[in-house]
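Trainee: As a plain string of letters, each chain reads:
Protein chains: 2
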Amino acid sequence: MVFDPQDNIFLLAGPVKIHPRVLKAMNTPSLGHRSPEFTEVNKELRELTQYLFQTKNDVAILTGSGTAGMDAAMANLLNKGEKALTINGGKFGERMGQLAKLYGECIELTYPWGSPPDLGQIEEVLSKEDIKVVAFTHNETSTGLTNPLPEISKICQKHGALLVVDGITSVGGIDVPVDKLKIDICITGSQKCIAAPAGLALLSVSEKALEAMHEKKTYYLNLKKHVEKLRDGQTPYTPSVHLHLALLEALRILKEEGLENRIKRTAKIAEACRAAAEAMNLELLPDKKYASNTVTAIKYPKGIEDKDIRGFIKKEFGIILAGSQAPHKGEFFRIGHMGLVQFREILAAFGALEVAFAKAGWKFEKGSAVATIEEHMLKSI
Amino acid sequence: MVFDPQDNIFLLAGPVKIHPRVLKAMNTPSLGHRSPEFTEVNKELRELTQYLFQTKNDVAILTGSGTAGMDAAMANLLNKGEKALTINGGKFGERMGQLAKLYGECIELTYPWGSPPDLGQIEEVLSKEDIKVVAFTHNETSTGLTNPLPEISKICQKHGALLVVDGITSVGGIDVPVDKLKIDICITGSQKCIAAPAGLALLSVSEKALEAMHEKKTYYLNLKKHVEKLRDGQTPYTPSVHLHLALLEALRILKEEGLENRIKRTAKIAEACRAAAEAMNLELLPDKKYASNTVTAIKYPKGIEDKDIRGFIKKEFGIILAGSQAPHKGEFFRIGHMGLVQFREILAAFGALEVAFAKAGWKFEKGSAVATIEEHMLKSI
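Chains E and Z, in that order, give the protein sequences. Residues are numbered in the numbering used here as their position in the first sequence, beginning at 1, plus a constant of 1. Residues are numbered in the numbering used here as their position in the second sequence, beginning at 1, plus a constant of 1.
Hint data in this document are derived by calculation from the structure and do not stem from the laboratory. Values in this document were obtained by computation on a predicted structure and should not be read as measured data. Only true hints are included.
It does not matter which identical chain is used: a pair holds within one copy or between any two.
With a cut-off of at most 35 angstroms between alpha-carbon atoms, the simulated DSBU-like pairs for lysine-lysine come out as follows: (1) Lys218 to Lys57; (2) Lys308 to Lys364; (3) Lys230 to Lys300; (4) Lys360 to Lys380; (5) Lys92 to Lys218; (6) Lys84 to Lys102; (7) Lys256 to Lys181; (8) Lys230 to Lys308; (9) Lys102 to Lys159; (10) Lys183 to Lys209; (11) Lys159 to Lys217.
With these hints in hand, go ahead and build the complete structure from the sequences.
Mentor: Following this line, the structure appears as structure tokens:
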């Protein structure tokens, strides 16, 4: 059967499945972005985004991808001669480093894909160097690894550096208490744990970050301007009204479930995925201690090819998983289980994976992955 | 009656009314931006955007507002020490100047709102100064004035300067033949004459512009990267898949009507609006010779207040018109008639305007505006 965009099981590491209520919210023929009606939308978004980020800070909403959000954070904070410390353990940590190098100076700590950073090394750099910004990707989507945010925050506070966290695939799925961890800028994207369409970047911005920003450097990505305008329920430039309406509905759904509940549910599903992989004699890419609760990355055993697994289950069963990105293309696959993903989808995905791996000649006890998930389902009630 | 976002006559100067087919195209629960299905979307978008801009040049599509597009053009082309000539005759021409000043040097020619630029003055600056970029807003949305693009293009070609045109409220509604007029970068927005939701900036980019761009300056707004990726049906960062699907459907609708037909229809409606205003003894803001075919700006006579006209017809009749922006707030109002706007909406709007102006004590022959539009309707068949 050919893949049907309207009817499938969709488990990418973002974009993710969108609730019909959210799609319905976009079914609006017209609404002016300077109208009182849209100001009300922005006001409700302010409350809901502060709830999402667990913060009293301002939260800017930019029409653009998560990368636009990362760009805005780094462009406004860094100038030539100012140093950032970044952690490169995957594609998005690498991107943070590229941004730091573009706008300022960068000390980049590099680790193999799937390995956590060395906290001692971070501490050492911050002791020796004058670091203005520590910027890293909390949940490394490309490798399924969650970096130790509370520990890095502690080191950062000790040395007085600004803390910029790419929480694009963590905020709303893994606990990211912005105020408690004193995160100066935390970035997320609409199409990940929030489960809205792609196209909006959300940034919580502390007073300290606002004060440290450079004037007259950016225009569209001028974070200070975005923050100031949103305080009046406005945006400096035309926002994507339809995406804002979708975001609003997705955040309402998140609040109905409760942030804490969603984080717990996401964790339980992740645990089941990891156990199911183990039952199939498959290895996770990251150290299990650091394995992400929103994305599970599973290595292909030698001789098993991506097209025989991912390609096969897309084509035959209409189930979409994520592959691995360059320079590790074809080495592992990823299951996104953030946002609205439930046990039922994971059950179907592992059933299909069992069929595909068995067909490809991989040895494991048939039915074991699905049985493992069933056990977790029963425990979760 | 309270304003209903789902049921009204919507005549802003963008965003504009969206066709149900376009809204339906967004009703898709999930589609990966690296999927073969989305690559096909990008390929069809490439053909349709080249049709829209009347060009063989690459057309980049950025997730962001029209201002993001203007920013991308100027940030990539201008460095300190390089000069741009800009035309400030309204809010958006002013914005182009702000961008030029931010990234390079700027010679800004300023004219009162509603007045066209002095072509002799442009010629003089280009003769005397080393200008890298001439950048201006083709259709000044804030004043309802269309700047003389073919004439400015001619001067520009004579002196070998790069030509950057903000065509945000002209492309798709007023003739902007990019290749014929040798426009190096032409920018438009999704929510204007194309009649899709806001959130995408479209930029046609010439080879000459690509060669003149600075390396290692921008990240998210790196136009060269966007152009190169789109040649393979890809985007460098996560695009707003849903907005791309909406744009695709809106461009299909535009092509079904035919670009030339849409431009002609838009012109006929604009002509009727201008004649109807005259019938009500109202004055246009711009010189009639330069009056825009996509936005009609009409001055309030002394003593007539914005709230008694625009506020009244929104509240009582569910018809939305645009006001005027700072520093000319309350001095005039604007009727957007781009995209899918037809005679029927203009008819309703002028009927309501007759009621409002009469109630506010303005003297004119009752029924004359609507009768004028009816004459134009008959002529248009």
